[in-house]
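Chemist: Each chain, letter by letter, is given below.
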Amino acid sequence: MSKYLAFPEILFKDRRLLVAALAEIGFADVEEGDRLPLYGYQGDRRPETAEIVVRRQRIGAASNDLGFTRTPAGYVPVVSEYDQRTLLAGQFLPRLRTAYSEAVVEEVRRRVRGTTQRTVESGIVKIRVRY
Amino acid sequence: MPEIEFTIDATTGDLTMHVKGVAGPACEDVAKLARELLGSPGTDQNTSEFFVHTQVGRQIRPHLGA
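Line by line, the protein sequences give chains C and L. Remember, the numbering used here sits 14 above the position in the first sequence when you count from 1. Remember, the numbering used here sits 4 above the position in the second sequence when you count from 1.
Same shape as in the complex, but just chain C (with noise of 0.2 Å):
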């Protein structure tokens, strides 16, 4: 009854909880470091690095590598237009960003060691955490 906020962006903040999401939605094999090259589908090196990558070999011959770079803000999914569009039924980062914050009400309940109620309705997920 206090406070109210809003999350649109596409932006990640949680390294940890990030690749928990990934292995939520099928992607556990990932690749991490600092500024880790990304390839193409042909094996053409592209200009952008990312600190945290799924190599192309891990999701479909036609892919290119998935990355995520870091800024101050968070982690920026880096992913080709193809791929936004083709991987998991053109899904991938909504279903993501849906694995992340799943991932981050988890953890809120696990910090607040609280208990959770969750519903889901009309694609509506609702988790109550009490604490």
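Simulated from the structure, these hints should not be mistaken for lab results. This one's a predicted model, so the numbers in the text were calculated from it and none came from an experiment. Be a bit skeptical, because a hint or two may be false.
[Stated by the list, open to error] With a cut-off of at most 25 Å between alpha-carbon atoms, the simulated SDA-like pairs for lysine to any residue come out as follows: (1) L/Lys36 <-> C/Thr130; (2) C/Lys27 <-> L/Glu40; (3) L/Lys36 <-> C/Gly88; (4) C/Lys27 <-> L/Thr11; (5) C/Lys140 <-> L/Glu40; (6) L/Lys24 <-> C/Thr129; (7) C/Lys27 <-> L/Met5; (8) C/Lys140 <-> L/Asp13; (9) C/Lys27 <-> L/Asp13; (10) L/Lys36 <-> C/Leu25; (11) L/Lys36 <-> C/Val139; (12) C/Lys140 <-> L/Glu32; (13) L/Lys36 <-> L/Gly46; (14) C/Lys27 <-> C/Phe41; (15) C/Lys27 <-> L/Thr20; (16) L/Lys36 <-> L/Thr20; (17) C/Lys140 <-> L/Thr16; (18) C/Lys27 <-> C/Arg123; (19) C/Lys27 <-> L/Asp18; (20) L/Lys36 <-> L/Met5; (21) L/Lys24 <-> C/Thr85; (22) C/Lys27 <-> L/Lys24; (23) L/Lys36 <-> C/Phe41.
Since the structure of chain C is provided, determine the placement of chain L on it from the hints.
Modeler: Okay, now just chain L, sitting in the frame of chain C:
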């Protein structure tokens, strides 16, 4: 009992949270944790209960353990 209600739109991944039953600065502790994990919110709005004064000794604070 303090409660945080999270709403996730599974079609977009958009998340909103509503902190209930926590008046004043203790509510800000929860918001700070959310910002730590989610970044700066696009909307950050105090609702009326944020401004309710709590009595000394009756204030409820979240347990923000590791």
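Chemist: Determine for every hint whether it applies to the structure shown.
Modeler: Against the structure, the hints:
1. L/Lys36 <-> C/Thr130: Distance ~20 Å between lysine 36 of chain L and threonine 130 of chain C Cα, so the pair holds.
2. C/Lys27 <-> L/Glu40: OK: lysine 27 of chain C and glutamate 40 of chain L at ~7 Å, within 25 Å.
3. L/Lys36 <-> C/Gly88: Holds. Lysine 36 of chain L to glycine 88 of chain C sits at ~15 Å (cutoff 25 Å).
4. C/Lys27 <-> L/Thr11: holds, 18 Å
5. C/Lys140 <-> L/Glu40: holds, 21 Å
6. L/Lys24 <-> C/Thr129: The given pair, whose Cα atoms are some 15 Å apart, holds under the 25 Å limit.
7. C/Lys27 <-> L/Met5: Roughly 29 Å separates the two Cα atoms, so the pair is violated.
8. C/Lys140 <-> L/Asp13: Given pair lysine 140 of chain C, aspartate 13 of chain L holds - Cα atoms ~9 Å apart, limit 25 Å.
9. C/Lys27 <-> L/Asp13: Roughly 19 Å separates the two Cα atoms, so the pair holds.
10. L/Lys36 <-> C/Leu25: With Cα atoms ~17 Å apart, lysine 36 of chain L and leucine 25 of chain C stay inside 25 Å; holds.
11. L/Lys36 <-> C/Val139: Judged against 25 Å, a Cα distance of about 23 Å means the pair holds.
12. C/Lys140 <-> L/Glu32: holds, 21 Å
13. L/Lys36 <-> L/Gly46: Holds. Lysine 36 of chain L to glycine 46 of chain L sits at ~14 Å (cutoff 25 Å).
14. C/Lys27 <-> C/Phe41: holds, 18 Å
15. C/Lys27 <-> L/Thr20: Answer holds: lysine 27 of chain C to threonine 20 of chain L is near 15 Å, not above 25 Å.
16. L/Lys36 <-> L/Thr20: OK: lysine 36 of chain L and threonine 20 of chain L at ~14 Å, within 25 Å.
17. C/Lys140 <-> L/Thr16: holds, 14 Å
18. C/Lys27 <-> C/Arg123: holds, 17 Å
19. C/Lys27 <-> L/Asp18: It holds: about 14 Å lies between the C-alpha atoms, which stays within 25 Å.
20. L/Lys36 <-> L/Met5: Given pair lysine 36 of chain L, methionine 5 of chain L holds - Cα atoms ~20 Å apart, limit 25 Å.
21. L/Lys24 <-> C/Thr85: Violated, at about 32 Å.
22. C/Lys27 <-> L/Lys24: OK: lysine 27 of chain C and lysine 24 of chain L at ~24 Å, within 25 Å.
23. L/Lys36 <-> C/Phe41: violated, 29 Å
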